[in-house]
Each structure stands twice: as structure tokens, then as C-alpha cells.
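Once you've looked at the hints, dock chain B against the given chain A.
Chains as they are written, first to last, in this note's numbering: chain A, 1 to 322; chain B, 1 to 257.
None of the hints are false.
Examples of chain A residues lying across from chain B (beta carbon under 10 Å, computed):
(1) Arg-77
(2) Trp-79
(3) Met-80
(4) Ser-82
(5) Ala-83
(6) Arg-90
(7) Gln-91
(8) Arg-94
(9) Ile-160
(10) Leu-162
(11) Arg-165
(12) Met-166
(13) Ala-316
(14) Arg-317
(15) Pro-319
In silico SDA-like cross-links for lysine to any residue, where the CA-CA straight-line distance does not exceed 25 Å:
(16) Lys-48(B) x Trp-321(A)
(17) Lys-169(B) x Gly-74(A)
(18) Lys-65(A) x Gln-87(B)
(19) Lys-65(A) x Arg-12(B)
(20) Lys-48(B) x Ile-318(A)
(21) Lys-65(A) x Glu-82(B)
(22) Lys-48(B) x Pro-319(A)
(23) Lys-169(B) x Trp-79(A)
(24) Lys-65(A) x Asp-8(B)
(25) Lys-48(B) x Tyr-320(A)
(26) Lys-48(B) x Tyr-314(A)
(27) Lys-48(B) x Arg-317(A)
(28) Lys-169(B) x Ser-73(A)
(29) Lys-48(B) x Arg-313(A)
Hints in this document: simulated from the structure, not taken from any laboratory. Even for Gly, the Cβ is constructed at its ideal location relative to N, Cα and C.
Each chain, letter by letter, is given below.
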Amino acid sequence: MACFSPNSAASLQGGASVDLVRNWPYKGRRFALQAGNHNHQMTDTLHPQIDLSTAKPLSRRHPVKAAIADIRSGVGRWWMWSAMSWQDIRQRYRGSVLGPFWLTISMAIMIATLGVLYSTLMKMDIHTYLPFLCLGLLFWTTTSTLITDGCVVFVNSDTIILQSRMPLTVHVMRSLSRNFIIFAHNCLVGLAVIVIFQVHQSLYSLVSLVGIALIYLNGFWVTLLFGMLCARFRDVGQIVSSFTQILFFLTPILWHPTALGMRHWIADFNPAYALIEIARAPLLGVPISQNVWVIALTTTVIGWALAFSFFARYRARIPYWL
Amino acid sequence: MSSITLRDVTIRFPLYQASNRSLKKSLLGIGRAKLSSEGSHVVVDALKNVSFHFSHGERVGLVGSNGAGKTTLLRVLSGVYEPIVGQVEVDGHVNALLNVNLGLNLDATGYENIMLRGLYIGLHPDEIRELTPSIAEFTELGEFLHMPVRTYSAGMVLRLAFAVATATKPDILVMDEWLMAGDAQFIEKARGRIEQFVKQSQLLVLASHITWILAAVCTRILWLDGGRIVMDGPTDEVLKAYATGVVPEPARLRALS
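One chain only, chain A, in its complex shape (with noise of 0.2 Å):
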């Protein structure tokens, strides 16, 4: 078969067959544009012989559907997060022969210490005040490393994300089973305390695994979201440590509840109290009231909601902030 070459005086002159051009394999399109020349149209631009029927289009998929897709995939790579997680472990507590249990030891000194303080400040018993103190640092301090941590998701990952196609979920995720692995060691210190103090436990106990899955379950999106405002906007990590930082005294963990009085709405309409409550409440044998189930489950459906269409607007958008 002759050679087409569509740089030779000839073919740009209109010289080239029909058969030679539809055999010629590059570059379709673009000589397309000129085959008018050739007065022979070309409607589909490329080589007959390419097979396009198991290519996959990357865009013009609904940006809803692809965000959809980038969540299902990303949760369902638990082999790839979950060892990301792990080796995030492994690597800052190198050349600890503790490793994580440090952070366990400082948390068991510092609720030692505060409960102690605390409970003499506040005129309390400290076998009732140690348990509150101790099971609601327990789950604040989850909490709160999620919101910090979500802040860099993305951008802790650019080179990741830069370099390679993989759901952005993966990299939430990583940062859930991270947060969730430390607060698993964290755990011993609740266990700890609550047999210390003999805090009777019951089947209602289980409940509180309910508000840890809650825990978790906001703490996706709010390092889905916050993660894409960081990217987007340098300040924001910032702005919410600031914030996170407000949210933990005004959050009913060094002190109750009941002591706000008549000023209880402070607690009544805090996200993060109706989340731990949720969480620590059955721990201690206290009834959950209604409002904080209402309270939690709102912001989880609202905060979700929020996310995901933040997520579905922008996500395609994320590597190109990075």
C-alpha cells in the first residue's frame, strides 16, 4: 500500500486518495479539518480500524454520577487505604518502641491530671467528674483530628493526586482509618478508666457505637469538604483550627451540661456535643435526650448533603487548585 504523509505538497494540494487518507492512522481530526480539500467528508475522524468500543471517556461524564462513582470506588479500595493508613502509622512512630501508645500514655497523663484539677475546681467527685472528663476527651479528641486533618487532605496529597487517576475518596479515607486507628489505641485509656472506676455497664452501652459510627460518618464529610475549601482557599485550615479550638469550650467535655442552667441552648445546638454525647452518654448509663439525636442526625444528613454537592460541582476541580 502506498504511504499517505499528509506534509507532502501533493496531499496538502488535494493530491492524496481517499482509500490512502482513511487508511492513515494518526491523527484523524486534525487532518480532517483540511479534507474538505479533498472534498471528501470524514464524519467520523478517525482511523476505521480504531476500536474505541472498550475506551473509557474520562469527561463529559454527570458530575453527579462521577462524584458517586469517586465515593463507591474510593471506600471500596479499603485495601489501598487501609494500608496507606497503617504505613502513616508506621512512619510517625518510627523509632518509637511505643509507637502509637505514646499518644495513649500522654492522653491517660493529661486526663489524670485534669480530672484531678478539675474536679476539685468544680467541686465534684471525681469518681463521677474522671469517667466524664476521660470518655468525652476520648471522642473529642477523634473529632477534632478529623476536622484538622481534613483540612489537608488534599493538599498533603498533590504529589498523589498529580500524578496518578485514583477516587479522591481514597485519600478521605486514608485519613478516617488513620484518625480511627489512633483513636483505637486512645481507647485503652476509656477501658482503663471505666474499669478503675467500676462504671457499671449494661447492653445499653452498646449504643455507643452507634455515636462512634456517627463520629465517623460526619467526619467524612466534613474532610471531604473541608478538605476541597483548604485546596481552593489556603486560609481556611486556619480559620477552622481557630474554630475547632472555640468548639472544644464551648462543647460540654471539661465541664456538664446541666451547669449551663438556663443557658443551655449553648449545648442544645452543638453538632459536636450531640455527636459525642451520643458516643459517651451510654458509656456512663445517662439517657440520651431526643434533642441530641435530632441534633446529630440532622447535621449528618445536612452536612452530607452539603458535601456531596460540593464535592459533585468541584471535584473534577480539585487537582487543578493543587
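Quick look at chain B alone, frame taken from chain A:
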């Protein structure tokens, strides 16, 4: 059959100045938006109406000065940037080697980095464990693999990265020019591996400034400038034109159309 098709792909980057990067300033700016006539959105077209088809077995080189759009194009091919205008169709699994330091943890050992990098390019931990012996062999790093990567030379890091990235047989390998940092012996070996790669009827896209590498490896060259394809053709033709900086008339006609 691996193939890549781009149809009129345009990649537009918003250029954020420091003030656009700040939420506080953006919010404060809402009230004054009407006052400042200058639009805060400065955009740059990193790629403009790029169309081509790379087919099975081709080894394509990308040339062009800095800022010509080579890296952006590689990122489009690896699916990182989804185009605003145009269409990208990729048939086959893409493995991109754009950044030698991808996920490299200096404190982790060579073996741990093999695992990390493998995860980042989408391999299952079991697969990585299975591949580790052959990767270790290719790197020729021996006992160094038990040492933190901090102790490695740049060339050693490169070997490690290249070995992991090419350990599996991705259908399409997309590579930036960092490959050329290795010593002569390694480049020879890397070329051997790339040759082997292409022989298995895969597709390679390589961006580089070093023309002799391109001449040795590639069958087709795309010359980019300012986000457009200036010339697209067989290696020797394009490289000759690129060296002189003069685009042959027919090719220019084509590029302008």
C-alpha cells in the same frame, strides 16, 4: 489494544494570585467587586485544542520549551486533569511516572517505599509483595533496600522509582523527563526495560528535552509550544525541525488549521 485519543482538548488554569487564595479576602471582596474593574480570574490555556490519536505500540516523544504544556499533557493522559473543553479517550491502564519523589518517604526503608509507591500507582498489597523480589533485583540496590531512603543517592532513588513503576505491565506508560537523571548504565538498562515494554505492544508517551534519548526511544514526536501542537510526525523529521526551530511549511499549515 491500547490507545489514546484526544479531541480538541483545552486545559485552562485559573491563575490564583495570593488574594484569590484567601477566603477572608474573597469574602471581604464581595462588596467591592463592582469597584475593581479587573476580573479576579486570570486564566491561562495550558493546552489549546489539542487533538491526536496514539495507537497501539507507538512510542511518542513530547518536545517543547519549558511551559509548552508537556507536563500538563502528560497529566491529561494519566487522567489527572479532566478537560474543560474536548474529549479524552484512553483505552488501557495508564501508569504515570511524572514525579520521581512521588510518595517517597525518606525515613522509610527501600522496601517500605516499594510498598507505598506500589499503592500510589494502584497496586494491591498482595501484588506488590509478589513483585517485590523482581523489583529489588532490578534496582540492584541489594542490602540498601533495608536502609532508609534518606541514605540513597539521587540515582539510587531513581532506580527504585523506575523499578516499581515499570514492575507491572501497564498498558500505557506516561513518563516525564526525570528518567534521564540516572547514570549511563542505568539509562541503558531502563531503555532495555522500555524496549521490552513496547515489544509487548504497549504505548509509551515520554516528555524530554534530551533529543538523543527521544531519537533512540521514540517513533513519533509531538512538538508543543504555548499549549499547541506545532508539529507532529516521525521522530527524525520533527527533531530536525525542532533543532533548527523552523517548522516545515506543510506542517505549519496543518498546525494552523
